[in-house]
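Chain B: place on chain A using the hints.
Protein chains: 2
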Amino acid sequence: MNIRIGILGYGNLGRGVECAIKQNADMELAAVFTRRDPAGVKIQTEGVPVCRIEDAAEWKDKIDVMILCGGSATDLPEQTPQFARLFHVIDSFDTHARIPEHYANVDAAAKEGGKVGIISVGWDPGMFSLNRLYANAILPEGKDYTFWGKGVSQGHSDAVRRVPGVKDAKQYTIPVDAALDAVRNGENPELTTRQKHTRECFVVLEEGADPAKVEETIKTMPNYFADYDTTVHFISEEELQAEHSGIPHGGFVLRSGKTGWDGEHSHLIEYSLKLDSNPEFTSSVLVAYARAAYRLSQEGQSGCRTVFDIAPAYLSAKSGEELRKTML
Amino acid sequence: MNIRIGILGYGNLGRGVECAIKQNADMELAAVFTRRDPAGVKIQTEGVPVCRIEDAAEWKDKIDVMILCGGSATDLPEQTPQFARLFHVIDSFDTHARIPEHYANVDAAAKEGGKVGIISVGWDPGMFSLNRLYANAILPEGKDYTFWGKGVSQGHSDAVRRVPGVKDAKQYTIPVDAALDAVRNGENPELTTRQKHTRECFVVLEEGADPAKVEETIKTMPNYFADYDTTVHFISEEELQAEHSGIPHGGFVLRSGKTGWDGEHSHLIEYSLKLDSNPEFTSSVLVAYARAAYRLSQEGQSGCRTVFDIAPAYLSAKSGEELRKTML
Chain A
0 MNIRIGILGY
10 GNLGRGVECA
20 IKQNADMELA
30 AVFTRRDPAG
40 VKIQTEGVPV
50 CRIEDAAEWK
60 DKIDVMILCG
70 GSATDLPEQT
80 PQFARLFHVI
90 DSFDTHARIP
100 EHYANVDAAA
110 KEGGKVGIIS
120 VGWDPGMFSL
130 NRLYANAILP
140 EGKDYTFWGK
150 GVSQGHSDAV
160 RRVPGVKDAK
170 QYTIPVDAAL
180 DAVRNGENPE
190 LTTRQKHTRE
200 CFVVLEEGAD
210 PAKVEETIKT
220 MPNYFADYDT
230 TVHFISEEEL
240 QAEHSGIPHG
250 GFVLRSGKTG
260 WDGEHSHLIE
270 YSLKLDSNPE
280 FTSSVLVAYA
290 RAAYRLSQEG
300 QSGCRTVFDI
310 APAYLSAKSG
320 EELRKTML
Chain B
0 MNIRIGILGY
10 GNLGRGVECA
20 IKQNADMELA
30 AVFTRRDPAG
40 VKIQTEGVPV
50 CRIEDAAEWK
60 DKIDVMILCG
70 GSATDLPEQT
80 PQFARLFHVI
90 DSFDTHARIP
100 EHYANVDAAA
110 KEGGKVGIIS
120 VGWDPGMFSL
130 NRLYANAILP
140 EGKDYTFWGK
150 GVSQGHSDAV
160 RRVPGVKDAK
170 QYTIPVDAAL
180 DAVRNGENPE
190 LTTRQKHTRE
200 CFVVLEEGAD
210 PAKVEETIKT
220 MPNYFADYDT
230 TVHFISEEEL
240 QAEHSGIPHG
250 GFVLRSGKTG
260 WDGEHSHLIE
270 YSLKLDSNPE
280 FTSSVLVAYA
290 RAAYRLSQEG
300 QSGCRTVFDI
310 APAYLSAKSG
320 EELRKTML
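For the protein sequence lines, the chains are A and B, in the order given. In this text, residue positions in the first sequence follow numbering that gives the first Met the number 0: the first is 0, and each later residue adds one. In this text, residue positions in the second sequence follow numbering that gives the first Met the number 0: the first is 0, and each later residue adds one.
Hints may contain errors.
The list treats identical chains as one, so a pair stands whether inside a single copy or across any two.
As the list claims (entries may be wrong) - Calculated lysine-lysine pairs in the BS3-like style (CA-CA distance at most 30 Å, straight line):
{"id": "1", "residue 1": "Lys195", "residue 2": "Lys149"}
{"id": "2", "residue 1": "Lys149", "residue 2": "Lys218"}
{"id": "3", "residue 1": "Lys317", "residue 2": "Lys195"}
{"id": "4", "residue 1": "Lys149", "residue 2": "Lys324"}
{"id": "5", "residue 1": "Lys317", "residue 2": "Lys110"}
{"id": "6", "residue 1": "Lys142", "residue 2": "Lys21"}
By construction, these hints were calculated from the structure, which means they are not laboratory data. In this text the structure is predicted, and so the values were computed from the model without any measurement.
So here's chain A without its partners, still in its complex pose:
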């Protein structure tokens, strides 16, 4: 029997999960849950109902794993513990500083419900975290680097959109090649915020707005831009639509370390992602971990887990025997 997946929240991430389920023969989409009026939400999978979030509890025995596709600011801190009492759940909670608190809440709820909850799944947190852990365990004496981009930062794009005189905007985070090269050359550089990334903004102005003032406001914005070298381009609404409607992202996790009796040998471990669609890639990771949650539950496990706690084999549809034969 297939693993029955529910999608809770049908934005970019939810739509990505729907696509990813289609690529996995051992899974099927059971239902989509939305805060909107279900009658107004059209999904791509034929014959699958769209329901109100309020009715999700009725699906308790018809869904194995609920994938929570809401935001980390307000949705997930509430939803993940709530639904972990009813379903095995996966979320992409990405507020790094609040992970310990979220973990504790989900763990208590999941144990209460006898369910498995896997939190902070995606690529950062997620695959990047895994690579930091593996690399640190292998090379205890070394230095970590994470670079993001080139890609669209939703938070920074939103910040630019809030600037008076800005009609619409997209912001790209770009890693600095010279910094990446220094790391790859084993120079173990100490890098400031400004040395690691630049920021590039494509801005559509409101009629009559003063470009010089808008540019100044963006570039000096504390936390978001003041510590970076930022470039601002003013473009037309049509150009923004045509050239900047995608949601690409990616990045690099590197660890440079030493081995040998006197640390005489250097090593570089590098993991990188180049993603056309940030939400669809994140969704694909969520779906792989949904399989893991289901399998852990079949073993009678319950409680909260992160990517650190899941043996890789649980993610694959292949058997252990097949994996050893084909991928080891």
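Relative to chain A, chain B alone:
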């Protein structure tokens, strides 16, 4: 109490394990076992005994994890099952085609002894395998690529050394940049053996040997060189010593895949290693998995495992709480 490690076999790999133990505060080297006369083997760690392999069984209660540092051709198929009856064991068995058989043998022996055996640990098999598995689970529709190098191939160097007229030699395996670039550009190329790697040989001739004949013999050697573009350089013994005494290696694992309802978005996952010392890096992976074997055994587990079966958190000396706080 520290995890007490034994090293069985004191060649490049065994010496690397000794160095790696020194970098991990929760471990200590208990003893080194050698086939040679122990009196003639000098190790670097003060106060640690060198013993005969035949006496290893006497250490049953004084060693937690035995790291087997022999070769895959004849040592490990025999030693890993043998010692898995007495100790938790880790090996770097790398004959890909024989892994299923080795797994079965170690599994039976380890279960008999109530021990944990983790086989095929290192970087390929090992970290490269893990990256293949993760990437395949995340992107079910895609294509895998593995490139090796630039690095010294021990097997190919040995093959060159067996050519009549060759006094000594080192062979480097080199990935072809154009092929790597095609993969990174998402072209999903079908690559022949010749298109993926080139081979470069540095050869010291015996006195009076015919360079043209040696070069021809190397370049046309079936399996080893005939399917590759091979370059042969003749150098002096001094130059070989001065310039080619290291054992660097590395490589790239890439997966290029599609997501979206109609596969409209492309993604690239890339993992790469640049290693000054192949055996020391492999040893560092072995030691991290020794920690995992010890912890699994503390949970009462036994039997054979591979890197696919081990949750990443088991590799780290940090607690789950610490990991979530600092690396997720």
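Structure-based check of each hint:
1. Lys195 / Lys149: both (12 Å within a copy, 28 Å between copies)
2. Lys149 / Lys218: within (19 Å within a copy, 43 Å between copies)
3. Lys317 / Lys195: Between copies only: 28 Å across chains, 39 Å inside a chain, cut-off 30 Å.
4. Lys149 / Lys324: between (36 Å within a copy, 26 Å between copies)
5. Lys317 / Lys110: both (28 Å within a copy, 24 Å between copies)
6. Lys142 / Lys21: Cα proximity of Lys142 and Lys21: across copies only (18 Å, versus 40 Å in one copy).
When each numbered hint is compared with the structure, no violation occurs for any of them.
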